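Just so you know, the protein sequences line up as chains C and L, in that order.
Each residue of the first sequence is one higher than the one before, counting from 1 in UniProt numbering.
Each residue of the second sequence is one higher than the one before, counting from 1 in UniProt numbering.
Calculated directly from the structure, the hints in this document are not laboratory data.
Note that the structure is a prediction, hence the values are computed from the model and not measured.
Among these hints, one or two may not hold up.
[To be verified] Derived Cβ-Cβ restraints for the label pairs, each shown as a range:
id	chain 1	residue 1	chain 2	residue 2	range
1	L	22	C	445	49 to 55 Å
2	C	349	L	256	49 to 55 Å
3	C	368	L	46	26 to 32 Å
4	L	435	C	109	33 to 39 Å
5	L	46	C	374	46 to 52 Å
[As the list claims (entries may be wrong)] Computed from the model, here is a short list of chain L residues facing chain C with C-beta under 7 Å:
id	residue
6	24
7	50
8	68
9	104
10	234
11	237
12	302
13	304
14	440
15	448
The beta carbon of each residue, even a glycine, is placed where N, CA and C say it ideally should be.
There are 2 protein chains.
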Amino acid sequence: MPYFDVASTAPLHPVARQALLAALDEGWADPARLYREGRRARMLLDAARQTAAEAVGCRPDELSFTSSGTRAVHTAVAGALAGRRRTGRHLTVSAVEHSSVLHAAEAHEADGGTVTEVGVDRTGRAAPEAFRAALRADTALACLQSANHEVGTVQPVAEVAAVCREAGVPLLVDAAQSLGWEPVEGDWSLLAASAHKWGGPPGVGLLAVRKGVRFAAPAPADERERGRAPGFENLPAIVAAAASLRAVREEAAAERERLAALVDRIRARVPELVPDVDVVGDPVRRLPHLVTFSCLYVDGEALLGELDRTGFAVSSGSSCTSSTLTPSHVLRAMGVLSEGNVRVSLPLGVAEADVDRFLDVLPGVVRRVRGHLADAVGGPGGGGADLVLDTLGKRCPIPVIELARAIGDVPVGGTVTVLSDDEAARLDIPAWCGMREQEYGGERAVPGGTAYVVRRRT
Amino acid sequence: MPYFDVASTAPLHPVARQALLAALDEGWADPARLYREGRRARMLLDAARQTAAEAVGCRPDELSFTSSGTRAVHTAVAGALAGRRRTGRHLTVSAVEHSSVLHAAEAHEADGGTVTEVGVDRTGRAAPEAFRAALRADTALACLQSANHEVGTVQPVAEVAAVCREAGVPLLVDAAQSLGWEPVEGDWSLLAASAHKWGGPPGVGLLAVRKGVRFAAPAPADERERGRAPGFENLPAIVAAAASLRAVREEAAAERERLAALVDRIRARVPELVPDVDVVGDPVRRLPHLVTFSCLYVDGEALLGELDRTGFAVSSGSSCTSSTLTPSHVLRAMGVLSEGNVRVSLPLGVAEADVDRFLDVLPGVVRRVRGHLADAVGGPGGGGADLVLDTLGKRCPIPVIELARAIGDVPVGGTVTVLSDDEAARLDIPAWCGMREQEYGGERAVPGGTAYVVRRRT
């Protein structure tokens, strides 16, 4: 079964598996102990740190192994903010960061700090000038991902790092999605990453803190990993993480162009094969292996289910696939369609035939899902120049489907007002207007939800 | 090489290894995903939780998998204190808890909370009545280990849990040392444990929070593990941890009596074989596999090194083996000798012959270390009824060795005053007096250190 979701997690790389097995035998002891097994464990830990530091591009004594990428981010944000508390309590993050960064920012706000979110353009890119404008005299830390995890857009990290350096603000780079491909360029101050994203085992994150960066590790204290990652070292997994990072880097260099071409094929073919599709993210400045598109009038969960039955594992940022029933904050910040959202992230070594088969089955899958939905949707609310559609209680993509049906029932210049209490409508109705060249007339609160006004143009 | 340090970490159990390998193949996907691999990972996670909950004696929905035992403790302490903040900010812990508990308590104090340490007797046992006396109207949480990690003394958890229940205070039990042997008895509220202590892989801790216990997971927020363990689940290790806990329990039941008898043999034979030894911890209410003793006039690090060369891996609570050059806080709280300290913790399946060989080599090893030290020690400071020994700048066990040499130079009734700046002397000079039936006359501050007065009695 083709697995097209390596941006969530990659299967264990054979080198990681081999290293893990060896280190289970050789590196099980406590590296803090003085006897032979302990000293051997310490040597394995030191060697792994050396290897990982080379791949990151930092000194070994700047690198700590945490228990996950999320922990690395949480510790990096808390530690950098605490270390620069005397400068101030302002934090700047891009609006499209991973939830671990945004949750750390929420915790900072709940603790009395302030946060500025830097917006992005429709490709998901945060502009260096926007970052510059968001830095203040009391800014203790800025955070920018190396590349976006949902749409693949590569961020201008080196430029933003320069802007931050100029302002005297340390930059934390969440490199989770890109570290398997290449080191992060530019003059960053802190870096976080996650081994299972590159084919290493789960249970290992990387946290790099450059010498000279003020950093106060969050309490409680612990002796391990320079006080930055409490608890017994997960040594076998650390050894496997470091070994596989080196191996994956070599393969990635060989695979980069081939995967980028396969993604270009998906980006080009999907809009030809499937009507009413929005391919999102930067087409050029992007991760080689990742592409995301959204399909109008499609229920994301049903689409994922159909693809799963057809044999493809992909991910989605649609609201119906989220536990909170809100669309992805990334798609929201970009202002693009969220319904029927599909993220394809190709593994190294993916068979070209599997990508082609995906393109073969996709049109039929979307058609089937749209067919089921069309049956479930009622007729329009009535004739006249101005129509009100009550879709309260109905979830994405129903409001948009009913809007699309009704628009033909009003004359050009007439309006359809959609009443909805679904959070996705706020994003998807304007996005639909953009895709269908209709005029979006804004929203207003109404009892039980929101009214979205659409004026027919064509 | 006989490994007698399972209380630090146990080698990976064969069942854990097998389960880990299987789960690396079957459980690598993200259990939050909807496709087949994700659903399979979710099922493995649910099954592991069921198995582990049975071994703990709690409901599966009360149990979270953390990234280590230390993390489980930190989260338990922070979460329980936050959940009961309206009751008050007082925390009660025993003085002999694992450093993870004491560090969490320090963090609480640094954050403005208050902490009471419940003392222990010379066996290391915390009395239920002492706990009762330490509970206040504003006590938010009490912590007691199931058994001590350094001396093996089993704590009266069920009695203390009853005392806490009566006072309406939740009890957190750190079960790291005992969970492989048996469930924790009594009406506890929270429980923490660590898989690598029972032969599971590193990278997995258990955190149980009983229904009805007020608990507010520390920020930042995260969707995984009921918000109690942020980061991608370390699923293969979790599966291995659960499977091995069940397997180890069965073996432990079969091995309990044999290991307890071997430890009894060590407890009885060491004082016969080695002069000036103090075997510490409760001789009866103890872990089956763990015994600790201290040897007068012995440098702990040298002793560990000699044992390592002879082929035995053991641990020590002596100050010279600690990165902070302070003796173990456990030995300190017990008021027992810390110099020349050795902790022996036997693995399941240990060969009786290895234990006997340890007893064979130990006397010679101690003799050699004492010989080296005797060569390094100077003569006494002079004659007379009252002698002053300046050992400032000298580390454990030199001050005690010089004291033992000099005591014969003063008449019965005379005093030796030892000047020392070594933290271990505060514990070891009174302990020496107790062992040698001399009178300890107290301490006073002097420039550059402390003066310890010893009056010759015999």
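For each hint, the structure was consulted:
1. Take residue 22 of chain L and residue 445 of chain C: their Cβ atoms lie about 54 Å apart, and the range 49 to 55 Å holds.
2. As the Cβ distance of residue 349 of chain C to residue 256 of chain L is approximately 50 Å, the hint placing it in 49 to 55 Å holds.
3. For residue 368 of chain C paired with residue 46 of chain L, a C-beta distance near 31 Å keeps the hint of 26 to 32 Å intact.
4. A hinted range of 33 to 39 Å for the beta carbons of residue 435 of chain L and residue 109 of chain C is inconsistent with their spacing of about 58 Å.
5. Here the CB-CB span from residue 46 of chain L to residue 374 of chain C is close to 36 Å, at odds with the stated 46 to 52 Å.
6. A least Cβ separation of about 5 Å between residue 24 of chain L and chain C falls short of the 7 Å threshold, and the interface hint therefore holds.
7. Of the supplied interface hints, the one on residue 50 of chain L is violated, with its beta-carbon coming no nearer than about 20 Å to a beta-carbon of chain C, more than 7 Å.
8. Because the closest C-beta pair between residue 68 of chain L and chain C is about 3 Å apart, less than 7 Å, the hint holds.
9. Interface restraint check for residue 104 of chain L: the shortest CB-CB distance to chain C comes to about 5 Å, inside 7 Å, so the restraint holds.
10. Of the supplied interface hints, the one on residue 234 of chain L holds, with its beta-carbon coming within about 4 Å of a beta-carbon of chain C, less than 7 Å.
11. The beta carbon of residue 237 of chain L is positioned within 7 Å of a beta carbon in chain C (closest approach about 6 Å), and the interface hint is therefore held.
12. Nearest Cβ of chain C to the Cβ of residue 302 of chain L: about 11 Å, over the 7 Å cut. The hint is violated.
13. The interface hint given for residue 304 of chain L is met, as the beta carbon of that residue sits about 5 Å from the closest beta carbon of chain C, less than 7 Å.
14. About 31 Å separates the beta-carbon of residue 440 of chain L from the nearest beta-carbon of chain C, more than 7 Å, and the hint is not met.
15. The beta carbon of residue 448 of chain L comes no nearer than 28 Å to any beta carbon in chain C, farther than 7 Å, and the hint placing it at the interface is violated.
In summary, the structure is inconsistent with hints 4, 5, 7, 12, 14, 15 from the numbered list given earlier, while agreeing with the others.
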